[in-house]
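Student: Protein chains in written order, with our numbering: chain A, 23 to 141; chain B, 23 to 141; chain C, 25 to 162; chain D, 25 to 162.
A couple of the hints might just be wrong.
Heads up, incomplete: computed chain C residues facing chain B, CB under 10 Å, no partners named [as the list claims (entries may be wrong)]: (1) G58; (2) G108; (3) L118; (4) G121; (5) L128.
The set of hints was computed from the structure by calculation and includes no laboratory data. By construction, the Cβ of each residue, glycine as well, lies at the ideal position given by its N, Cα and C atoms.
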Amino acid sequence: MSRGTIPILRVADNLLVTVQTELHDQVAEAFQEDVLAAVEKTGAAGLLIDVTGLDIVDSYVARVLSDTAKMARLMGTETVIVGIRPEVAATLVRMGYAMPGVRTALNVDEGLAMLPSRR
Amino acid sequence: MSRGTIPILRVADNLLVTVQTELHDQVAEAFQEDVLAAVEKTGAAGLLIDVTGLDIVDSYVARVLSDTAKMARLMGTETVIVGIRPEVAATLVRMGYAMPGVRTALNVDEGLAMLPSRR
Amino acid sequence: MTIRVLNRDEMAVETEHDVVTVRRKAQAVAHGRGLSTFAIAAITTAASELARNVLAHARRGTASVEAVAADGRSGVRMVFRDDGPGIADLPRALAGGYSTARSLGLGLSGSRRLVDEFEIETAPGKGTVVTVIKWARF
Amino acid sequence: MTIRVLNRDEMAVETEHDVVTVRRKAQAVAHGRGLSTFAIAAITTAASELARNVLAHARRGTASVEAVAADGRSGVRMVFRDDGPGIADLPRALAGGYSTARSLGLGLSGSRRLVDEFEIETAPGKGTVVTVIKWARF
Ligand SMILES: Nc1ncnc2c1ncn2[C@@H]1O[C@H](COP(=O)(O)OP(=O)(O)O)[C@@H](O)[C@H]1O
Ligand SMILES: Nc1ncnc2c1ncn2[C@@H]1O[C@H](COP(=O)(O)OP(=O)(O)O)[C@@H](O)[C@H]1O
Numbered sequence: 023m024s025r026g027t028i029p030i031l032r033v034a035d036n037l038l039v040t041v042q043t044e045l046h047d048q049v050a051e052a053f054q055e056d057v058l059a060a061v062e063k064t065g066a067a068g069l070l071i072d073v074t075g076l077d078i079v080d081s082y083v084a085r086v087l088s089d090t091a092k093m094a095r096l097m098g099t100e101t102v103i104v105g106i107r108p109e110v111a112a113t114l115v116r117m118g119y120a121m122p123g124v125r126t127a128l129n130v131d132e133g134l135a136m137l138p139s140r141r
Numbered sequence: 023m024s025r026g027t028i029p030i031l032r033v034a035d036n037l038l039v040t041v042q043t044e045l046h047d048q049v050a051e052a053f054q055e056d057v058l059a060a061v062e063k064t065g066a067a068g069l070l071i072d073v074t075g076l077d078i079v080d081s082y083v084a085r086v087l088s089d090t091a092k093m094a095r096l097m098g099t100e101t102v103i104v105g106i107r108p109e110v111a112a113t114l115v116r117m118g119y120a121m122p123g124v125r126t127a128l129n130v131d132e133g134l135a136m137l138p139s140r141r
Numbered sequence: 025m026t027i028r029v030l031n032r033d034e035m036a037v038e039t040e041h042d043v044v045t046v047r048r049k050a051q052a053v054a055h056g057r058g059l060s061t062f063a064i065a066a067i068t069t070a071a072s073e074l075a076r077n078v079l080a081h082a083r084r085g086t087a088s089v090e091a092v093a094a095d096g097r098s099g100v101r102m103v104f105r106d107d108g109p110g111i112a113d114l115p116r117a118l119a120g121g122y123s124t125a126r127s128l129g130l131g132l133s134g135s136r137r138l139v140d141e142f143e144i145e146t147a148p149g150k151g152t153v154v155t156v157i158k159w160a161r162f
Numbered sequence: 025m026t027i028r029v030l031n032r033d034e035m036a037v038e039t040e041h042d043v044v045t046v047r048r049k050a051q052a053v054a055h056g057r058g059l060s061t062f063a064i065a066a067i068t069t070a071a072s073e074l075a076r077n078v079l080a081h082a083r084r085g086t087a088s089v090e091a092v093a094a095d096g097r098s099g100v101r102m103v104f105r106d107d108g109p110g111i112a113d114l115p116r117a118l119a120g121g122y123s124t125a126r127s128l129g130l131g132l133s134g135s136r137r138l139v140d141e142f143e144i145e146t147a148p149g150k151g152t153v154v155t156v157i158k159w160a161r162f
């Protein structure tokens, strides 16, 4: 489903994307495009982006994540970003970027509960 | 129901408008007027605008679409834009125009499910 | 970097219909150069924005759509040229959200974000030339 | 306050990959100096923002990551140096939300909020030097 190294899994009606690689310029666009193509192909009701594996989220990566959520929303799919670590949350807010408009949850289970089901 | 080339169909309580032509200046106003006239005439509960046929949505067309949704809302009719393609979603967000305030869905069925019924 | 021009199409931009023609040409050339679906949408949308700007702010001008190659990369270059009023406050026009017309003011800033290279030459009374390039990814 | 430099790593900042290298070095040194998880995330994120600025606005430059000590405190100092265009309107660039590039404009203002000491030396045409320090808490 993915041309890159980012695993995209189906979980019930939803897609679960696990971000592990650092999303620098060269892979960020490919990440977004892979995710959107998978959303279209599967008709996923919701999109979960798991960032538990990221120990650093700078303003660039934060922007890539929130843009991805906006893109999915235009296609009609809700996004929840899950697994933002305490130190990452603190850093983002101190920098003045609290990812406005993005829904978040503690973990994948909580995130799944926030998404609508197609059925 | 339409004076232009844009098909407007009734689907249960709702209107389904399929945009296929490119909405340039000369047809954009006619498109909006046809749609609003149909909304009034049918008393539609909701309006679905299907843009699956558009492989390009520039800022002008995005504005025409979101303005149409605002106009319908003023008349008391909810709009859902359906079928925004992955590459169109990505382009709009990268341009900085994520169509704020516009509801979207993956396809016509999902869009219909989001609309209230008059009955 | 040396850019080789493999093919060039010059078109007038004087009517709404010309904007559609330029857009279609951009799309066809991008497709022919092997750009991805996403890159094709990006360059075609930029073509639409920039051609519309010529029409809206200068009334008329020209667009050139070129198939280009450099360093083994394949791409599309477009040049939009007009003898209109030019842009007095360029930083402001490029910042986005600023418009002297009744539009969104996202044409210039948005196009810039959609392409890999963006150049603009303009001065009040001297017209405007916008050059953009989109490369195919490896 | 006298700052003793216990160790210094100088790195080139010329590619995306260099940004990752600088970030990792900052993280490792901060960890080695006994900073908390939160302080490590803060200084590492600042490293990322400031290295990216060198790349984005000056194309190339250098980063130095130092293990430092002062008044019995242990800390990390980083210096980002470039010969790029410099910053003409510094108050505006530091205010945040202002960007001449296609980004959020939070790199400078955000980094400043994440560190304990922040210094910037810049002038148009004279390049930019940003120095930051993060101390371990007692
Ligand atoms: N070709 C041009 N000639 C003169 N002015 C232009 C041209 N293109 C853009 N501009 C100026 O820059 C402003 C911003 O352009 P743009 O971002 O495309 O927004 P819009 O065209 O929606 O106003 C325009 O409002 C106009 O004042
Ligand atoms: N090293 C640098 N050299 C030149 N200009 C810089 C440098 N760092 C920052 N700037 C200027 O300050 C502005 C604000 O920087 P920043 O807050 O990091 O935002 P961003 O990099 O996202 O634009 C930049 O847009 C740029 O004009």
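Student: Each of the hints needs a verdict: does it hold here or not?
Tutor: Now the hints, each set against the structure:
1. G58: violated (15 Å)
2. G108: violated (18 Å)
3. L118: violated (12 Å)
4. G121: holds (8 Å)
5. L128: holds (5 Å)
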